[in-house]
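Same order as they appear, the protein sequences are chains A and B.
One point on numbering: in this note's numbering, the residue at position 445 of the first sequence is 445, and numbering is uninterrupted.
One point on numbering: in this note's numbering, the residue at position 85 of the second sequence is 85, and numbering is uninterrupted.
Some hints could be false.
Straight-line alpha carbon distances no greater than 16 Å define the calculated EDC-like cross-link-like pairs of lysine to aspartate or glutamate that follow [to be verified]: (1) K503/A to E56/B; (2) K568/A to E377/A; (3) K464/A to E447/A; (4) K313/A to E377/A; (5) K313/A to D287/A; (6) K298/A to D549/A; (7) K503/A to E16/B; (8) K503/A to E79/B; (9) K533/A to D543/A.
If you want a taste of the chain B side facing chain A, the calculated C-beta under 8 Å gives, among others [unchecked claim]: (10) R20; (11) M29; (12) Q66; (13) L91.
Bear in mind the hints are in silico, worked out from the structure with no lab data behind them.
C-beta: ideal position from N, C-alpha, C; glycine also.
If you want the building blocks of each chain, they are given just below.
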Amino acid sequence: MPIPTRHFDALIIGAGGAGLNAALQLAGAETSVAVVSKVFPTRSHTVAAQGGVNAALANVLPDNWHWHMFDTVKGSDYLGDQDAIEFMCREAIPTVYELEHAGVPFSRLDNGKIYQRAFGGQSQDFGGDQAARTCAAADRTGHAILHTLYQQNIRAKTHFFDEYFALDLVRDKEGVISGALVLEIETGEPLLIEAKATLLATGGCGQVFRTTSNAHINTGDGCAMTLRAGIPLMDMEFYQFHPTGIAGKGLLITEGVRGEGGFLVNKDGERFMERYAPRAKDLASRDVVARSIVTEVKEGRGAGENADYVLLKLDHLGADVIDKRLPGIRESSRIFAGADPIREPIPVFPTAHYQMGGIPTDRFGRVVIPARYGSEEIISGLYAAGECACASVHGANRLGGNSLLDILVFGRLAGKDIIEYVRANPHRRETDPASLEQAMARLTRWERTGDGVPAHQLKAEFRKCMEDHAGVFRTEEVMAEGYGKLCELRERFKDARLADQSKVFNTARIEALELENLIDVGLAIAVSALNRKESRGAHSRPDYPSRDDINWMKHSLYYRDGDRLDYKPVRTKPLTVESFPPKERVY
Amino acid sequence: MTDPTPIPDPDGVTDEEIRRLRWQCRRGMLELDHLLLPFLDRDQGYRALDPVRRAEFVALLGQQDQDLSNWFMARRVPEDPRVHELTQHILAVVAAYKS
């Protein structure tokens, strides 16, 4: 039976901030645009972003985009592409004003201008005094942005396919991407959406790790589709971990707890950070604290029944201080850890938070790969934006306030570029039946019955393996062992089966499809990390403790085929200003 | 603004209803995943509610993530006392499971 087909100028997969901002540009230009989202759009993970958006508006303190650029290059540990960073920091200003005009209720100063708060890693005058650069809508910035963009899209008549799961990209006979095969979750029926341009905006992949702050929906779907299309993922070894997530749950416990005098202890009640960082102790840098926690657990000094976490103690601060200065922490701990921190410590473990790498793009959101004519050849008609993409503005580590900025700037610019692309390429592309069949096979494989390991059983094992072997503790020995286990898991997954063969809202099937995506993306992280023999930004290796600019100031490119790696140079030349040469990163 | 949500079967809880609701319990915020999905799965959770309460749970799923988070995390109290009761009940069921 033929698969029903719909046609649009542009297809956007993912309805977070990046996807919706791109869609808004397209719908406003009277380009027909479809947005596919596996959950209702306002339940996208952007809704969880509380911090804000960096833009050098200079409303509170002197500022300019060039200082913002300096901070971002430095924060990236010099792995960020300086042309893309300059572009983002310049574009931040009109992007924020555009959002303001669209109706985002930014917090205000008494003079009516947008309020801006100070965040870590921000400076005035190239490393001088603290800057105030982050625009926020109280503590619900992501929510405000997502809702504003969604409502504007409804007004602009963007076509939404809510609760549709993207299975795979498809191509025409010339090999050009012609859209995607998607699955209607409610009916279990496939739908082919053909488009002249396709934008992947599917967000991060935090669910790769057992302990993560990411919602369950963050399963790296766009990244995995890209890998299966033969396109590499870039810099996937750079994954940001927060040292203190609620053990077993992943929810963040802010660093403010330790800033207010809270401290970490092991099962013996020892303040172990005194051994790892005698001066800074519990206020040492994130990677040091995270690795110390994991070391305590690995060496048998973890607390709890399974000895798999440490304890964050703050009862000595007293109820008044906890309630006044750390609002929300007490409630979070009580609900999710069953521990009231006024009386008992919070069980914590490092939690996976943000993916710096992703689908390689240029600053217009166009997917680029090494090809015959250079290291960055454009793939016609394919775009990516947001956390799943890597325009290389975060390099080896992301600054607070730059993630919402990334999704908004590059979502907006990708949308604008797609408008031009569609005008220049107005003809419909017909999907090659062989490509469609290949995409359908992803779905039909789950119709096989008989013996085989239940798919859901492999999920916990996989995520634990990623946490143990590709998380914060990265030595050659640990990672090589992990790679072996992951390869074995990947093989076992090929024989996985589903007990539930129903069609309507078969969430077990969706979760199996997501697990396949997680395994593909997890391998990208593990292989890239194993092979980068230096410490830079979020990638921290005790066996190679220094940054090595001579050999490793380059981007990793992981290909799924044969777990192959390639590398390409960092773009150190900005668009209009002088380069910032690598320096030791001191704060 | 609330999202579209399905209507529960008045005669009893069907597997299809649970599957449908499971997807509605997938949210943009991890804390909501950790509350709504276990509530759906526990014997004393959704399946133990009477039809009126089940309809209220379905209506709750139509609320915005930010509001749900504020209510569960005690940052705000819902205006409707029935909603407040339900959020407290969900917290109690999930807490009982943990202990």
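Hint check, failures only: Numbers 1, 3, 4, 5, 6, 8, in rising order.
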